[in-house]
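Work out the full structure, taking the sequences as your base and the hints as a guide.
Number of protein chains: 4
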Amino acid sequence: MSRLDFTLSAGPTVASAQTLAALGSPITYHYDPEFLDLFRATERKVAQLFETRNDIVLMQGEAIVALEGAARSLVREGMPVLNLVQGVFGKGMGYWLRDFGAELHEIEVPYNEAVAPERVAEYLDAHPEIELVAVVASETPSGTVSDVSRIGPICRERGVLTLVDTVSGVGSMEFRTDAWGLDICVAGAQKSLGGPPGVALVSVSAAAWDAIGRNERAPRASYLSLLDWKEKWLGGGAFPYTPSVSDMHGLAACLDQILDEGVDAAIARHVASAAVTRAGVRAMGLDLWPVSDDIAAACVTSVALPDGLDDVQVRKHVRDRYGVMLSSGQGAGNIIRIAHMGPTASGLFPIVGISALGRALMDMGWEVNVGAGVDAALAVLSEQRG
Amino acid sequence: MSRLDFTLSAGPTVASAQTLAALGSPITYHYDPEFLDLFRATERKVAQLFETRNDIVLMQGEAIVALEGAARSLVREGMPVLNLVQGVFGKGMGYWLRDFGAELHEIEVPYNEAVAPERVAEYLDAHPEIELVAVVASETPSGTVSDVSRIGPICRERGVLTLVDTVSGVGSMEFRTDAWGLDICVAGAQKSLGGPPGVALVSVSAAAWDAIGRNERAPRASYLSLLDWKEKWLGGGAFPYTPSVSDMHGLAACLDQILDEGVDAAIARHVASAAVTRAGVRAMGLDLWPVSDDIAAACVTSVALPDGLDDVQVRKHVRDRYGVMLSSGQGAGNIIRIAHMGPTASGLFPIVGISALGRALMDMGWEVNVGAGVDAALAVLSEQRG
Amino acid sequence: MSRLDFTLSAGPTVASAQTLAALGSPITYHYDPEFLDLFRATERKVAQLFETRNDIVLMQGEAIVALEGAARSLVREGMPVLNLVQGVFGKGMGYWLRDFGAELHEIEVPYNEAVAPERVAEYLDAHPEIELVAVVASETPSGTVSDVSRIGPICRERGVLTLVDTVSGVGSMEFRTDAWGLDICVAGAQKSLGGPPGVALVSVSAAAWDAIGRNERAPRASYLSLLDWKEKWLGGGAFPYTPSVSDMHGLAACLDQILDEGVDAAIARHVASAAVTRAGVRAMGLDLWPVSDDIAAACVTSVALPDGLDDVQVRKHVRDRYGVMLSSGQGAGNIIRIAHMGPTASGLFPIVGISALGRALMDMGWEVNVGAGVDAALAVLSEQRG
Amino acid sequence: MSRLDFTLSAGPTVASAQTLAALGSPITYHYDPEFLDLFRATERKVAQLFETRNDIVLMQGEAIVALEGAARSLVREGMPVLNLVQGVFGKGMGYWLRDFGAELHEIEVPYNEAVAPERVAEYLDAHPEIELVAVVASETPSGTVSDVSRIGPICRERGVLTLVDTVSGVGSMEFRTDAWGLDICVAGAQKSLGGPPGVALVSVSAAAWDAIGRNERAPRASYLSLLDWKEKWLGGGAFPYTPSVSDMHGLAACLDQILDEGVDAAIARHVASAAVTRAGVRAMGLDLWPVSDDIAAACVTSVALPDGLDDVQVRKHVRDRYGVMLSSGQGAGNIIRIAHMGPTASGLFPIVGISALGRALMDMGWEVNVGAGVDAALAVLSEQRG
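Protein chains in written order, with the working numbering: chain A, 1 to 386; chain B, 1 to 386; chain C, 1 to 386; chain D, 1 to 386.
Misleading hints may appear alongside valid ones.
Note that identical chains are pooled: a pair holds if it fits in a single copy or bridges any two copies.
20 Å max Cα-Cα, derived DMTMM-like pairs, lysine to aspartate or glutamate [unchecked claim]: (1) K232 / D287; (2) K316 / D37; (3) K232 / D210; (4) K232 / D260; (5) K230 / D55; (6) K316 / E108; (7) K316 / E34; (8) K316 / D32; (9) K316 / E383; (10) K316 / E231.
In case anyone wonders, no lab produced these hints; they're calculated from the structure.
Nothing here was measured: the structure is a model prediction, and the numbers come from that model.
Below, the structure is given as structure tokens:
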């Protein structure tokens, strides 16, 4: 097996040197006044990134801890909930919602498509009893996005709460929590922010807090509890449990870098790398998985593998022979994903991904024109920066 | 406020330079073959530290996530459980057990004492219906330990399961999971191991897995689930959620250091620093909180504050004027805790703690003989190393 | 041998976590535009620290490379030079000056005293042919300082050039290059700046450049050459040889920290720690080496060892038994030096040094009152920060 | 200007994460017993790398400090010396040798050729008075190598000393100091070793020490002195000046990695990346600078720029638009150098260099077939690793 030279996986992605240095900076007591200041400042930076005045909760754990916590916090027994499914994360949320007692409604589309906002509006109009819509803004395994800029207002106008999984979305796609009226949003640090993989970023609107407060089954005195954070920390300055000092250092550092660069510039950087990658993949003669570029994520490009090729084999070949780590589709389809996420959403990183994937397919007997792919990708990059 | 020069808090404690470097090492994809190897090797190191052949589960989150997960996994509605309480963590476990449906039995002692193993034996003999004993091996807020070397066998002989909170114990006290027959043990990395504060180390016996498997209410498809780890990861090689690559790097590094030093040597180092600290505190004219040295923890020394002094004020003065971070008792009593935990369980660190606390009390008008304390502490240290 | 817990040596001293992170940050090409910017910005920060508008030269190597280079650059065959000797570094400069061809004049005092500025004035008036005065501002091995604030103007008024060794002085003592009319000043990064040990900081006045330019024997096309730096780098933007990118990162970081703190505040911090240390040493019953506190360095305290004790043995005992690294006098006398230099010029670090030295002397059979020393030191510290 | 994504310069090259962590590890006193052990262990590792039993001297400074020191140490007034010139570093050595008093003989070839060993043999036979041959084993600016495996024995058989500049050679080309009879060899850490740029590695044979000892003009009591290191450090355990603790940590780390990988494997890795790069450059339609692949360096590929293109402009375009740092020829010719040196001598790094250079030339109006270059390079890489 080759040494690992490049990680182009869809998260955890690589972190910048500054972020790594922050992760490795001295660990202090979590009640040290300097850490308390840093924790609060980090909340404010997250709010800035989310474009929100809502409360920010920083839970210790992979983002899924917050998705589970939020869903459990909101869902009451028998509550009518509409879940939008365009990939495996959306599908999984549906299983949870049902488990937690919801009366589940779903709009599901093939995993290379996106749920049209119009369908959401129609569905809500036809089912005015629905109280909550769950939506995945960035379906990382599919490499697709959802148009929450329209779904959010559709829900708000109808007085329906929203629970938004934007784990990989924030930092690589426009995301305006307050302008779009999103109630609970959950992001991870280890995706488009290029941060550490152990912390979940959550925003909670006043309406969501009200709903949670009224929900007897909302987790309390639990690791999954949003309420504990509200009451103990936001209300009382006491942590419900020890946060990871090192993760907070890492998170603060990657946020500083994004805010220094400018959130819009960071998003544009992802969008540019996605365009370079898509041009290269197509010119090699391969197909993209999403049905249209409109719904393709800016942080990761999903490539549909030709029939007869297996993503496990391909990824293993790419890693073993070329020292490049790509991602599979985690069940979304027979796809390979080249991420351009965080620090790898830049310059020639897509060339590395295209070359590795293309040459591996050639090695495996497939007809792929790698040179044409690289040429096309470079042409787009040159134009972008010209 | 002074700059922070010394962190002598009771966890998160400081990490060594090697551990910090590991925490800040490049982040890879969690399915990269090198990370998979590291993850499995880390499990084996934890098993070595716990002296067990049981399964090891490494959950992403502060140790409390595993305590909650384990308690929820074991407790059935109406299950008779005996909870041993000698401090705030034991007390909290009781609230949880009751919340999760247990028929709660408790043996409670003042928070500067320890539950005698004999009382446990008597109680179990009088209540043969009890199926589970919950015990805190190291009550960090009190700075006391529990004699699990005797409580474990007492339970095992009676066919009673044990749930052991040894969050700060492993690494600073003898801990023999298999020899003592302990079923579920939970440790944290950020205490006596000097590791990162975001990962929970759990060992689970076959008997415990059986009990969990039979428990319909055990968390499944949840961040709190031990079963998910068993079925997906241990059984299938798939992570139930993304572990923190950086935390695993940090954990592997601190375990390597302890195993290189020798677990017994690391424990002896804590025991020695505790003796130095206790000698110093007493010679200054202050009282220790635990009723006897037998039950005093090796990783932290609890000092009883004289009446009229408030721990918040004292700690603030120590931090503001002397740049030293000490811990409070987190509700266990009016105490100040000087930790000697991980890297600070060594040499002259206790002198720093003694000097800072002693001089602060003098500043606040109390009669304390700091010089005598330092002399006594140094005498013990010189003797230990002579 | 104990593990190393504390480095209280007189340079290299410990570096802060930020400085270490910078030292370990990615290495770039030395002609990368970002590095060129950083190099020039670092020169400006050094100028700010030196309080000068003179040219700054950053030579790659331990400070002595610049002292040798400067002396060779200035000294012509037969040139009358006055060398001030109050320690081993001053003595060594004399050997060099003579080797390089100077007609050597010296004022020498015992190594626990300082050359009085008045004597310099008198000597220069009596020897008007002298063209250069060499002076050590901070004689680190002795722990003494020279009053360059008065010696500088004395020389300038008489048209005599000055070559100032302030390797450990800058950052811990007032140092006003331009106000005092100092021509060539050489500092190291690894002393009071808490930086890396591989870079020399030099300021050169216009008058010094003139003298060097006229000196046929001044090193040219040599690693020792100041002129190369002037002509190639300052004049032409080309490095005479590859500078250490990592050292520059470390230097920039420690300068940023000092400038953020404020140079005066950093000096005051050293002065305060020196006072704490001296109070402690005296109260233990030991003698200070410098004849008066007026000439004691702020970055290191020299303790005269009682007859019959050997500094090698004492330091070995301190290191072996207590894990603390102290310095010897490097030939200046039978002394032990406790440094409070860079990050260790703060709070309770002096207590560690006092305790380690004092207890070691007790172990070796000497009568020392460590407790009284710690009490006295803490009293001074409490007063300083009260 | 784009952010810097890739440093493919010819040294300083990038360092691995482990090396960077070591560079940023805590700084200790240089006489701390642990540092003394590390320093001596590092000398032994260097000896292993050089394949020598000669003394090793580790001088603090860029490698040129040792080249100057060695030349000054060996050359006596009027000493006949043969200097082999095939590039700018060889040329510069000639200026030095003459400056230092040698009676200079030179064999010079165009800077894209190499001096044939036969010519050296003939020259020495014709000039039996010659006492020293200076040769550059790896002319980094030209990207060419010299056949020291034959030149060494030719000199040894004739009793002629050798001074070998292998600054970038060791680690990327076979180098057998003792087997080939090389007397003084100088390497840098920041080239093929992927180490820090502030330390020079020198091996000195007994014959060379003899010659130096007999040379009255050899530097003594100087930063340039090899003798100081022999007498003070190797002979007496005292450093002639403070070595950089951080550089030693970094050097030890990169040596550990190379020795773990195996020196031969590390060399093979460079050779492989050079072959990939050359195939790519040629297939793009560009010319290599060295007249034959036999003399092309394994650590860097020199590309001849077409007339009408200026290397400064090209490199600026590559850096500004594509975030890749390449090197110029430093005066050796109108060339651009793509390094594959240390960590970048691996996998797809050459693809990045080829793509960046090729596309930049296209942007500047030149006809280059980047796709064909990438295809050819990937074909070689696939074959190597197949």
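Each hint, compared with the structure:
1. Neither within a single protomer nor between protomers do K232 and D287 lie at most 20 Å apart by alpha-carbon distance, with minima of 51 Å and 32 Å respectively.
2. When the C-alpha separation of K316 and D37 is checked against a cutoff of 20 Å, the pair qualifies only between copies, where the shortest distance is 15 Å, while the shortest distance within a copy is 45 Å.
3. For the identical chains of this complex, K232 and D210 are intra-copy neighbours only, at 17 Å inside a copy versus 36 Å across copies, given an alpha-carbon limit of 20 Å.
4. In the homo-oligomer, the alpha carbons of K232 and D260 never lie at most 20 Å apart, since the shortest distance is 32 Å inside one protomer and 35 Å across protomers.
5. Only within a single protomer do K230 and D55 lie at most 20 Å apart by alpha-carbon distance; the minimum there is 9 Å, versus 36 Å between protomers.
6. In the homo-oligomer, the alpha carbons of K316 and E108 never lie at most 20 Å apart, since the shortest distance is 32 Å inside one protomer and 51 Å across protomers.
7. In this homomeric assembly, K316 and E34 come within 20 Å of each other (Cα to Cα) only across copies, at 13 Å, whereas the closest approach inside a single copy is 45 Å.
8. In this homomeric assembly, K316 and D32 come within 20 Å of each other (Cα to Cα) only across copies, at 10 Å, whereas the closest approach inside a single copy is 46 Å.
9. Within a single copy, K316 and E383 get their C-alpha atoms only as close as 33 Å, which misses the 20 Å cut-off; across copies the closest is 17 Å, which meets it.
10. For the homomeric pair K316 and E231, neither the shortest alpha-carbon distance inside one copy (48 Å) nor that between copies (24 Å) is at most 20 Å.
Of the numbered hints given earlier, the model fails hints 1, 4, 6 and 10; all others are met.
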